[in-house]
Amino acid sequence: MRFIFKTDYDQDIRIFKHSGYWYSYSILLLVLAMAPFVLGNYLQSQLVFVFIYATVGISLLILVGFTGQASLGHAAFLAIGAYTSAYCQQHGVPFVVYFPLAGILTGMVGVLVGFPALRLQGIYLVIATISFGAIVEEILARWESVTHGNEGMKLRTLELFGQAVPRDSPGFYFLCLAVLILVILATLNLLRSPTGRAFVAIRDSETAAKSMGIDVAAYKVRSFGISATITGLAGCLYAHKLSFISPEMFTLLLSIEFIIVIIIGGIFSLHGAVLGAIFIVMIDPFLTTLKDDLPGMIGNLVHVFGADVPTASKVQDQAASIASAPGLKGAIYGLIIVGFILFEPTGLYGRWLKIKLYFQTFPMYKAATFKRQKTYVKSERNR
Amino acid sequence: MKHIALKAGLLGTAIALAATPSFAQTKTTNQGISANEIVVGTHQDLSGPIKGWGVPVSNGMKMAVDEINAAGGIHGRKIKLVIEDSGYDPKKAVLATQKMIERDKIFSMIGAMGSPTVLAAQDAVLDAGITQLFPLTAAEFTYKFDPAKPQERLKFNNLLPYVESTRAALKHMIDANKVQKPCIMYQDDEYGKNVLDGFEKQLQAMNIKAAAVTSYKRGVSDFSAQVSKMKADGCDLVVLGTVIRETIGAMAEAKKLGWDVTFLGATPTNVLEVPVLGKEAVEGLYAAAAFEIPYEDTAKGKVKEWLTNYKKQFGTDANTQAIIGYNAIMTFAHYANEAGKDLTGQKLLDAMEGGKPFDDIFGNPTTKFSKTNHLASTVTQVQKVEKGRWVVVKGGLMF
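Protein chains in written order, with the working numbering: chain P, 12 to 394; chain L, 7 to 405.
Treat the hints with care, as some may be off.
What the hints assert, rightly or not - Derived lysine to aspartate or glutamate pairs resembling EDC-like cross-links, with alpha carbons at most 16 angstroms apart:
1) Lys223(L) x Asp328(P)
2) Lys84(L) x Glu146(L)
3) Lys86(L) x Glu162(P)
4) Lys223(L) x Asp303(P)
5) Lys223(L) x Glu268(P)
6) Lys177(L) x Asp203(L)
7) Lys261(L) x Glu302(L)
8) Lys223(L) x Glu148(P)
9) Lys111(L) x Glu146(L)
10) Lys111(L) x Asp303(P)
11) Lys165(P) x Glu146(L)
12) Lys223(L) x Asp195(L)
13) Lys150(L) x Glu302(L)
14) Lys235(L) x Glu279(L)
15) Lys165(P) x Asp266(L)
16) Lys86(L) x Asp303(P)
17) Lys261(L) x Glu279(L)
18) Lys308(L) x Glu73(L)
19) Lys68(L) x Asp328(P)
20) Lys165(P) x Glu359(L)
21) Lys155(L) x Asp133(L)
22) Lys374(L) x Glu392(L)
23) Lys302(P) x Glu289(L)
24) Lys237(L) x Glu259(L)
Read the hints as simulated data drawn from the structure, not as lab findings.
Values in this document were obtained by computation on a predicted structure and should not be read as measured data.
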């Protein structure tokens with residue numbers, strides 16, 4: 012167990028709390044830097060989607076996790092970012108211009124959504140953001156001169172300083188990684204600033220925040236704006252990764268998927284967004300791999316336990332037919348999510364903290380450490 | 007002397023190659039072909055909003071594969087079909103496609119499902135030099151290609167496009183019924199837009215004005231506003247850019263209003279489910295179609311056998327979707343067979359562009375591709391629901 016001896020107030024707000032952070036994150040960065048040269052396109056694509064989803068997850072954490080404002084409209088923000096990029100690219104605007112523009116424009120829309128949302132709370136805010144999503148979807152389908160309606164838009168290969176960056180190249184991978192890292196650092200910085208503290212204060216108790224002189228309305232709008240901006244940036248990358256966008260891709264379902272990212276990952280820490288994104292993006296390919304390999308393994312196992320070859324191959328065929336039943340993957344996916352919400356409401360990151368503490372304090376670990384203490388606080392705050 | 011002849015030969019070939027205004031070299035792959043196997047892949051929606059299409063299509067494909075393998079395969083090579091579920095999610099479609107290319111090493115992508123899913127994954131397929139054959143979307147991008155982009159030559163489709171089929175069927179209906187005030191009700195998405203396009207283009211070509219244009223959002227079940235508007239505008243033909251439920255809903259609404267009008271559906275309405283679920287409501291519905299829908303008790307020969315086999319294997323009656331899936335594999339097998347014993351990507355491409363026709367067992371219009379045309383056919387039929395069954399009214403239609 013590590014005890015940090017604090018000698019300076021700055022230590023409280025340091026991003027890297029102790030040397031362990033430097034080691035572990037350097038190793039992680041090194042692994043990520045090598046990944047595109049070691050992995051094939053398939054795994055690299057998965058990682059790119061993880062980066063994009065994690066970026067959206069972080070934007071949601073700022074709004075939902077830290078300011079306590081619910082949103083089921085983030086697919087719409089993503090769409091605005093994506094369509095801004097597609098439209099600008101068609102009109103010859105370079106990437107270095109339309110990438111920030113996608114963020115800024117989406118941020119402005121976010122602020123506009125934030126204003127009417129000031130008067131709404133909880134489930135009503137959810138309804139408002141859902142309807143915002145529906146409105147955006149409808150506009151995308153109708154505004155044909157800009158969005159090409161339901162025909163959708165195709166994006167050309169991304170060009171950065173005259174250099175083509177194909178969507179499956181290491182270059183695109185590093186671009187997405189860089190955006191994610193910058194967004195994480197910016198968010199960490201934001202959270203230790205007065206603005207971030209105000210967000211958390213609003214989340215924990217609006218009345219208390221107001222009584223301390225925090226302009227609740229202004230900060231809520233700001234939170235919406237920041238969150239939308241980040242999502243807009245992710246939308247630009249998302250559009251380039253898919254190379255084709257149409258209104259039916261940005262539905263409520265996608266917004267729900269984003270919310271699941273932070274619920275699965277853990278809603279109280281930025282780690283949650285990344286872990287949740289890994290889960291959401293990679294669970295489907297993982298189940299696919301299982302579907303392909305498990306029957307063979309079962310067949311071998313049966314053979315090892317003494318069955319003859321024809322019986323083993325018969326068992327293997329049967330396992331294969333069960334494994335590839337349509338919809339099975341979806342059902343398993345759903346079960347995992349339900350399981351998480353029932354048994355691990357603090358998400359993957361919460362589980363990781365528990366595991367870490369278990370080993371740090373072994374054999375003195377006690378489960379009650381993570382019991383919720385501040386029952387008077389309305390939100391789940393574990394920091 | 008010999009050397010000179012060889013050099014002259016090479017030079018001749020080089021000149022011939024240079025002189026042909028042919029396309030830049032298309033990169034093709036030979037992965038997935040082994041001594042006794044050809045691996046092909048597809049991504050279907052088995053769990054999403056259009057699984058009503060994805061499941062029977064993949065059944066039909068499996069059946070075709072079994073049949074070909076039972077008969078000894080293609081020049082001794084068995085087909086191995088990899089099916090992945092995309093759930094109609096473009097992200098999953100991209101990942102599934104990359105997985106099939108890298109892990110399963112597919113030789114060809116056959117009958118992939120859906121417009122956004124196929125389009126998002128298309129570059130990955132073409133860049134790997136894999137042929138993208140007969141996706142289940144009639145959108146233009148699946149067969150129109152730019153000669154300047156050599157990889158685009160790997161795209162082929164055999165579905166009847168919505169625009170062309172709507173135009174052909176509409177032309178026939180207008181000529182046959184002396185229609186003066188045609189109307190349309192279409193679904194608010196890419197498919198509906200295509201039907202609307204066909205409708206507008208054909209009316210413009212025939213110099214007729216549309217009496218009413220109405221639309222609905224996917225998923226709604228009430229069409230009273232649209233139908234009353236079209237009735238009030240005095241329409242004498244209603245074109246339906248609808249799928250199954252909406253077709254039935256719109257026609258039921260018209261019956262309820264006591265409005266006796268002719269309905270013409272686009273190709274997606276021409277499926278078994280419409281008369282089965284719609285019963286009396288859809289009696290008299292016309293539809294654009296590619297081929298005659300077979301019924302087990304009236305089918306003959308090979309088709310009857312096929313229908314019985316399908317029912318035996320999957321426990322449900324075969325439908326149009328299953329036939330389309332079956333045909334996708336069969337068409338591939340035909341051209342792979344044509345390509346010869348030492349199959350390569352280039353040879354398959356040459357065989358397909360060679361212009362040899364393919365006829366299926368269901369009486370689809372003949373499939374034929376060329377170096378410039380990668381769409382099998384635009385020949386349309388008009389069919390009508392009579393006593394709960396689809397009956398061919400007129401075939402061989404073009405606009």
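Now for the hints, and whether the structure bears them out:
no., hint, in the structure
1, Lys223(L) x Asp328(P), "43 angstroms, violated"
2, Lys84(L) x Glu146(L), "32 angstroms, violated"
3, Lys86(L) x Glu162(P), "34 angstroms, violated"
4, Lys223(L) x Asp303(P), "38 angstroms, violated"
5, Lys223(L) x Glu268(P), "23 angstroms, violated"
6, Lys177(L) x Asp203(L), "14 angstroms, holds"
7, Lys261(L) x Glu302(L), "30 angstroms, violated"
8, Lys223(L) x Glu148(P), "11 angstroms, holds"
9, Lys111(L) x Glu146(L), "27 angstroms, violated"
10, Lys111(L) x Asp303(P), "14 angstroms, holds"
11, Lys165(P) x Glu146(L), "13 angstroms, holds"
12, Lys223(L) x Asp195(L), "8 angstroms, holds"
13, Lys150(L) x Glu302(L), "37 angstroms, violated"
14, Lys235(L) x Glu279(L), "27 angstroms, violated"
15, Lys165(P) x Asp266(L), "43 angstroms, violated"
16, Lys86(L) x Asp303(P), "13 angstroms, holds"
17, Lys261(L) x Glu279(L), "19 angstroms, violated"
18, Lys308(L) x Glu73(L), "13 angstroms, holds"
19, Lys68(L) x Asp328(P), "15 angstroms, holds"
20, Lys165(P) x Glu359(L), "27 angstroms, violated"
21, Lys155(L) x Asp133(L), "11 angstroms, holds"
22, Lys374(L) x Glu392(L), "32 angstroms, violated"
23, Lys302(P) x Glu289(L), "45 angstroms, violated"
24, Lys237(L) x Glu259(L), "11 angstroms, holds"
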